[in-house]
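Trainee: From the two separate chains plus the hints, produce the assembled complex.
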Amino acid sequence: MNPVMATFFDALNDGVVIVNPQGQVQYANAAGSRLLGATVGQNFPDPTVLKGLLDMVAGYLKPPVRIPTGGSPGSARNQMATVTPLPLPNTFAITVQNVQEQTFFQTTLNNLFDFLNIDLAQPIERFSAGVDRLAREHEAFADDETCRTLRESGASISLSLQRMKALATLFKTTALVDRERLPIASMVKEALDLSAERIADRRLSVHVDGLDKELPPIYGSRIWLTRAMAELIDNAARYSGDTTTIEIGLRCTGTHVLLHFRNHGKFMPRHLGGHPVYVPFHRVSDYVRQKKMPARPLVGQAPDASLGCGPGLGLPMCERIVALHGGRIQMPEIGGDELVEFVLEIPTGAPSQGDEALDIQQAQRYARDMATIMQRMRQRRERPA
Amino acid sequence: MRHRILIVEDQPDIRKLITMTLEFGDYELHEAENGDDGYHKAIALQPHIVLLDVMMPGSMDGLQVCAKLKQHPAHRGTRIIMLTARGQQTDIDAGLKAGADAYLIKPFSPLELMDLVDDFIDGRALATA
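As given, the protein sequences belong to chains A and B, one line each in that order. Using the working numbering, read the first sequence as starting at 1 and increasing by one per residue. Using the working numbering, read the second sequence as starting at 1 and increasing by one per residue.
Simulated from the structure, these hints should not be mistaken for lab results. Note that this is a predicted model, so its numbers are computed, not measured. Just to be clear, a hint being listed does not mean it is correct.
As the list claims (entries may be wrong) - Pulled a few chain A residues facing chain B out of the computed Cβ check, cut under 10 Å:
id, residue
1, Pro216
2, Pro347
3, Ala350
As the list claims (entries may be wrong) - The calculated lysine-lysine pairs, modelled on DSBU-like cross-linking and capped at a C-alpha distance of 35 Å, are:
id, chain 1, residue 1, chain 2, residue 2
4, B, Lys97, A, Lys189
5, B, Lys106, B, Lys68
6, A, Lys189, A, Lys165
7, A, Lys62, B, Lys106
8, A, Lys213, B, Lys106
9, B, Lys106, A, Lys51
10, A, Lys213, B, Lys70
11, B, Lys16, B, Lys68
12, A, Lys189, B, Lys68
No residue lacks a Cβ here, since even glycine has one placed at the ideal position from N, Cα and C.
Same shape as in the complex, but just chain B (with noise of 0.2 Å):
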């Protein structure tokens, strides 16, 4: 079974290089590019993880987003990796309050990313698969 990871992030150099370092993984991806999107995908997908972006355009920012989804009964065990722009302290508390499972701060390390997903991966029952 391949795990399926949603990516949202609206600036598609950042999206590209996600995509390009969860490649390497045997994962199963999926993009948005904005924060509306992503929420319409996420409930259609039923992704194990969401990597989203704290900043995007549209009516949903990430920490929207991730608030809606842990309040969805289908997605309270869906991980969510939040990623926050210089590390804003005020992002990450913010993001933390939201549900979020972790973050990153950009410019993210991929090492990192793919650690932190290989770690979730390994680690949840993935009953919701």
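Chain A with its partners taken away, still in its complex shape (with noise of 0.2 Å):
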């Protein structure tokens, strides 16, 4: 093969094997070594893909024809090959899609979603129920320090796992990138949608502005960033003070779409940390809870964080969906102790895919028909002018 081909056809993470009609390897990329133990000069190992081979050259098969592999010992299992017929005589391809790190990545993250809210999430909460119904049967329970802080570290520990919840939920759904053409007013209104109902219970008013404006494309995860504005949104209604407004503006520079979401109350207190970007949410509303609830709970009310911990995902998890869409959250100064913005910093336009290699279909789809092209070509010249 030609040297330049060859390591173009490395640089693939899909395996690529050139074969015979007969199923002898003449070439196979780094991929396709690794992936289906392809030797040149040997018959293609895996016996059904090299069966289908056979049947599709013998014409009983129309191509491309695709195969499951893990026929044979060391091959990739439980992925599809491809067979396919090149433009040059005898020479038949055998393709696999690298899924390994794919499907390594999604077991694990179901393994470890099943095993939060299985074998972690049950004992908690019975126990968490268990210390509340004591507590609630039996006075002399209730009053006991011992008990006290058994039901502050139950409530504290439900509230970690269902924060670990949020997220392994939201890491199941979507790519936490995805490159979807995001509609950003409509996912304002979704935001807003999710915590309507304590926007509601704190009779808190909603002002927004520029959701009609037009913008230029905003790429990423619709999911994702969603529940990252639902965070802010719910932060800032979490925090106001009773009746009052939050803010939401959208607004475009030529680079960035910039959300604004501004309450007036303590959406986050400026004194904590000199970089308040990165508090998290539980350390401002622990802050809150000290200020503004009692220092301890009322005998016969469990100490229910509603007010001062969420169960959300947090700042820095915010912080970090943002910054991998090449965003940022700030927090300006804008004066006054009692008001408080937050901003959601989106760059414009799809993420650069600059150093991503050929994908393997393409490549196909180009080495197909170029030798027609370069015939039609040959044609051309040939035919008197």
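Mentor: Right under this line is the structure:
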């Protein structure tokens, strides 16, 4: 094979093996050798795929033929190989998509999610419910210091667990950074809907500005970014003064779309840390709880943290989501202790794809069409003027 | 007269592939690597055909470049072929709504691209040349 083409094929993540009509390997790129165990000069090692090739050569199957791999030890399992004729005499390509990493991460996530939901959540919830029941049914127990500590610990662990579950649920949905063209205005509305109950409970009003503007394109994951917006709105609602207004504004600089979330209240106390963006939401809520809530829960009242700590993702995770979309969350100085603002800044345009290798399907189509194009050009040149 | 074709695509590999394909024809090829650059080059070069990727970095993606070019009086006759990833129907619908004349789905067929370009070149008056 031409050295330039060999380098090109070796750069692909997917396996490419070129065989003759008998199934003898003529060429295998690096991934092809690794995933399929193909060795130049020997027969293609997977007997199922080999049989598919021979059947196709004999005319029993119509190309391209897709065959599950896994028929021999050491070969890629549970993947689909595609066998196609190449535009060269007696030459066929067997390709297999490299999904091993994807499968590994998907399985890991599924296991983590099940572990959180079943192995961890159920005993913790039973423990918290048991301690609460004890406190309700036995007054002496409710006043006991140990009992109070247990209830607080239980509530705290439950909240952490809810946060982990929220994260795991998101991880199971879509890729963190998808490449969907995002309708920002409807995402803001969706995020507002997610916090509607809290906004109503706290008798807040919401003023939205700029949603009808024509915006430059934003690409990313609708699910993840909407969740980050919902967290910011929910946090604004949680720490606003009662009956105040949450202001949401949308505007565009040349290169970024800026979403402002402003509340009147204690969205985030400024004195917490030199770089407030990195203060997690639960620390803010700890502060609010210390200032606003009784030092000890009232007798018979569970140490519910509905005013203080929320089960959301927390600011660091939201910041990470936005950062992975190339943006950032800022908290500008706008003056006034009771006026707090977060700015969600997202770059316009699709994420750059410059470092990605050409995908295997594109390479296949190019190889398949090129011979025809060259033949056509030759005919044109030879045609009398 | 050589017909001008502007290729607006941010992925260098795909851009190269399109260029290599169209080099088989007798075209004057120009390249741009993002929407903003593509729009300005289209205004300056007055190409007969613009090949436009939908998803690109910058303040304008392919859909917006397409819409702006089609609104421009000097470019209403310019043929625009959109390149969409994995044939997302929403992209195709949005592209046609923005005024695109045709679309190719990635991974695109170089043969289809050549045929499409040839059809457009043969079938139009080329009054803007």
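Trainee: Could you run down the list of hints and mark each one as holding or not?
Mentor: Evaluated hints:
{"no.": "1", "hint": "Pro216", "result": "holds (5 Å)"}
{"no.": "2", "hint": "Pro347", "result": "holds (8 Å)"}
{"no.": "3", "hint": "Ala350", "result": "holds (4 Å)"}
{"no.": "4", "hint": "B/Lys97 <-> A/Lys189", "result": "holds (25 Å)"}
{"no.": "5", "hint": "B/Lys106 <-> B/Lys68", "result": "holds (23 Å)"}
{"no.": "6", "hint": "A/Lys189 <-> A/Lys165", "result": "holds (24 Å)"}
{"no.": "7", "hint": "A/Lys62 <-> B/Lys106", "result": "holds (24 Å)"}
{"no.": "8", "hint": "A/Lys213 <-> B/Lys106", "result": "holds (31 Å)"}
{"no.": "9", "hint": "B/Lys106 <-> A/Lys51", "result": "holds (31 Å)"}
{"no.": "10", "hint": "A/Lys213 <-> B/Lys70", "result": "holds (21 Å)"}
{"no.": "11", "hint": "B/Lys16 <-> B/Lys68", "result": "holds (25 Å)"}
{"no.": "12", "hint": "A/Lys189 <-> B/Lys68", "result": "holds (28 Å)"}
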